[in-house]
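*Asks:* Sequence:
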Amino acid sequence: MRSMMIVCTCLWAFAMGSAYSDPSPPSQDLTQLSIEELMQIEVVTASKKAQPVWDVPASVYVITAEDIHRMGATSIPEVLRLVPGVHVGIIDASKWAVAVRGFNGRYSNKLLVLMDGRSVYTPFFSGVYWDAQPPLFMQDIERIEVIRGPGAALWGANAVNGVINIITKSARETQGTLWVSGGGSEEQAFGGWRVGGKLGDNGYYRAYTLYQERDDLEQDREYVRNNDGWLVRRSGFRADWNRSPNESFILHGEVYTGRAGQRLRIPDVTLPGARIIDDRYTISGYYLMGTWNRQRGNITDILHVYYDHSGRSPIELTQFRDIVDLNWQQRIQANEKRDILWGIEYKYTSDKTFAGPLMSLQPPSRVDHIFGAFVQGDLTLNSNTRLTIGSKLENNSYTAWELQPNLRLLWKPNEKNVWWGAVSRAVRMPTRAERSIVIQAYYEGMASGLPVVSRIYGSPDFRSEEVTAYELGYRSQPHQNLSLDVSAFYNVYRNLRSFEPADPFVEATPVPHLVVPVYMSNKLHGRTYGFEVSARWNVTGNWTLDLGYANITYRLQQAPDSKDPFRLHSDSTSNTPRHQFNIGSHLNLSRGWHVDTYLFFVDRLFGMDFLPSYYRLDVSIGWRVTDRVKMRLTLQNLLKRDIREFEHPLWERDSIPQRAVYGTISWQF
Numbered sequence: 002m003r004s005m006m007i008v009c010t011c012l013w014a015f016a017m018g019s020a021y022s023d024p025s026p027p028s029q030d031l032t033q034l035s036i037e038e039l040m041q042i043e044v045v046t047a048s049k050k051a052q053p054v055w056d057v058p059a060s061v062y063v064i065t066a067e068d069i070h071r072m073g074a075t076s077i078p079e080v081l082r083l084v085p086g087v088h089v090g091i092i093d094a095s096k097w098a099v100a101v102r103g104f105n106g107r108y109s110n111k112l113l114v115l116m117d118g119r120s121v122y123t124p125f126f127s128g129v130y131w132d133a134q135p136p137l138f139m140q141d142i143e144r145i146e147v148i149r150g151p152g153a154a155l156w157g158a159n160a161v162n163g164v165i166n167i168i169t170k171s172a173r174e175t176q177g178t179l180w181v182s183g184g185g186s187e188e189q190a191f192g193g194w195r196v197g198g199k200l201g202d203n204g205y206y207r208a209y210t211l212y213q214e215r216d217d218l219e220q221d222r223e224y225v226r227n228n229d230g231w232l233v234r235r236s237g238f239r240a241d242w243n244r245s246p247n248e249s250f251i252l253h254g255e256v257y258t259g260r261a262g263q264r265l266r267i268p269d270v271t272l273p274g275a276r277i278i279d280d281r282y283t284i285s286g287y288y289l290m291g292t293w294n295r296q297r298g299n300i301t302d303i304l305h306v307y308y309d310h311s312g313r314s315p316i317e318l319t320q321f322r323d324i325v326d327l328n329w330q331q332r333i334q335a336n337e338k339r340d341i342l343w344g345i346e347y348k349y350t351s352d353k354t355f356a357g358p359l360m361s362l363q364p365p366s367r368v369d370h371i372f373g374a375f376v377q378g379d380l381t382l383n384s385n386t387r388l389t390i391g392s393k394l395e396n397n398s399y400t401a402w403e404l405q406p407n408l409r410l411l412w413k414p415n416e417k418n419v420w421w422g423a424v425s426r427a428v429r430m431p432t433r434a435e436r437s438i439v440i441q442a443y444y445e446g447m448a449s450g451l452p453v454v455s456r457i458y459g460s461p462d463f464r465s466e467e468v469t470a471y472e473l474g475y476r477s478q479p480h481q482n483l484s485l486d487v488s489a490f491y492n493v494y495r496n497l498r499s500f501e502p503a504d505p506f507v508e509a510t511p512v513p514h515l516v517v518p519v520y521m522s523n524k525l526h527g528r529t530y531g532f533e534v535s536a537r538w539n540v541t542g543n544w545t546l547d548l549g550y551a552n553i554t555y556r557l558q559q560a561p562d563s564k565d566p567f568r569l570h571s572d573s574t575s576n577t578p579r580h581q582f583n584i585g586s587h588l589n590l591s592r593g594w595h596v597d598t599y600l601f602f603v604d605r606l607f608g609m610d611f612l613p614s615y616y617r618l619d620v621s622i623g624w625r626v627t628d629r630v631k632m633r634l635t636l637q638n639l640l641k642r643d644i645r646e647f648e649h650p651l652w653e654r655d656s657i658p659q660r661a662v663y664g665t666i667s668w669q670f
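Under the working numbering, think of the first position of the sequence shown as 2, with each following residue one higher.
These aren't lab readings, by the way, just hints derived from the structure by calculation.
Below, a list of computed lysine-lysine pairs in the BS3-like style, where the Cα atoms sit at most 30 Å apart:
#1 K50 - K417
#2 K564 - K524
#3 K413 - K338
#4 K199 - K50
#5 K170 - K50
#6 K49 - K413
#7 K170 - K348
#8 K417 - K49
#9 K50 - K338
#10 K348 - K49
#11 K170 - K631
With these hints in hand, go ahead and build the complete structure from the sequences.
*Replies:* In structure tokens form, the structure reads like this:
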């Protein structure tokens, strides 16, 4: 440990010395843009239209392409560590827990994740299978927009605590050929190839294929491999056409296949106890998405259509799913003071499941429909005040109609300061699992000579979870080289998920045993509150510092008639750290070198298992060999060899992320 710190200190001292030994300016990148230029970066997720981030009445954080490049991360969850208020925890080599403003878990269900506006959450549990998402060409990402707080007035149910939108570059921006290759200790091997060209006079395309393989993590500090390695292959394309200056069309698609591993403890009443099983399962899928955009004077129409198929076959439950989504919106800029946006949406979901020894669904197949419409208006009250009001009305197959209104106010007293406030209502509609799943949960021991197991059942009476969110934010540029962003929130939740036990009963097969049934219900309520702070300081022309801090407090209660045996752990409220902070140092050196250092602190977790707080130090060293060739060395977890970041759900054996090092080379030609 001491030797590692000495090495890091020496590297830092060398980097600082090199930085001032040659005053020649480095290559232009976003870390060198002025604060004013960064404030004018446009975002679309908060309002479904392009706006400078400085003028958005919401808690917005933008991860730029240069941020992603300099961090050297190979997955989206790792990049999201940069955002104050986003908690990221590694579960195993292919699984992450990712949440915004609390309620984190393997199946985090209060966060909507989009990729170019295409929802990537699964209706099975309203969360994201991160092993089926990235990798993608990180060089193809233009930016990642993170909205902390409800976005349901535009995006609908499940945009409860936040929205993450991964926006990729146009085909025109990715012309030529790109080759990327790398590997190391945990990131065993990854690489890909991308080619871009023209389609006639007004069109562009890109096509790509890539591969990534991640090594097994170790098992609970026993230094035994946990059989959780991950491999995925991906191929896709994107094409952009401009029929005229006022009309464009985008078509992109992708196909992927892979496999992942996990080590499970399966309850077995015949032992009694649990069997340890090494499971290797496949993941696969494909999608096709088209977007049409037309502008007629002060009216802009956008039609967005996609089809998505996915499948996965872990031992717990095999499932296949098809989704069709049609979304049309129209923006009417009536005049300089009034801006109206409205639209309609239809989503079709069909699934087929096959029961395993741990889970089953009744019925095993189901078709669901969601119809929705939204309207939002921006009204400029005076030269420095703007009011935004809107709502989305949705009809789903579980709870029928849901209304999700939103009111926002932005006050800009001058060009250096912005205040905003918001009141919103959002719902998380029931999932397929919460209505109809059966889970063989735990082996509980013996009672009256019989093995005892707990079994979790979905409930047809499970209702939507609700939140009313109150937000207040402030942005400031106190100096030309310094920006500050502060957001505070107070969320009131109703009908949160609880687990209610019922009377036990005896089953005769495979051997007589006692079953303790537990049913999903809505008997938790309460509030959370906290704040996030982020700042960027351009210390010199070659050195930039990013700082972030997030705080959250839970005050949740059970209903008087609740008997939830898991108490408040049942919805991962204790799997969110109360305090988090991060510091990023971005240093441009001479001759094309740059060093980026990231220090993260994550407070302790009080879930089913107690996890102590930890610090994590990552370093990324990049070298622009030529304008076409770049090399990078990334080092992770330098402070400690193994840090357990998150508890494992139900049956999975604990995996411990290791200290990692990997290199990357890219060649553009």
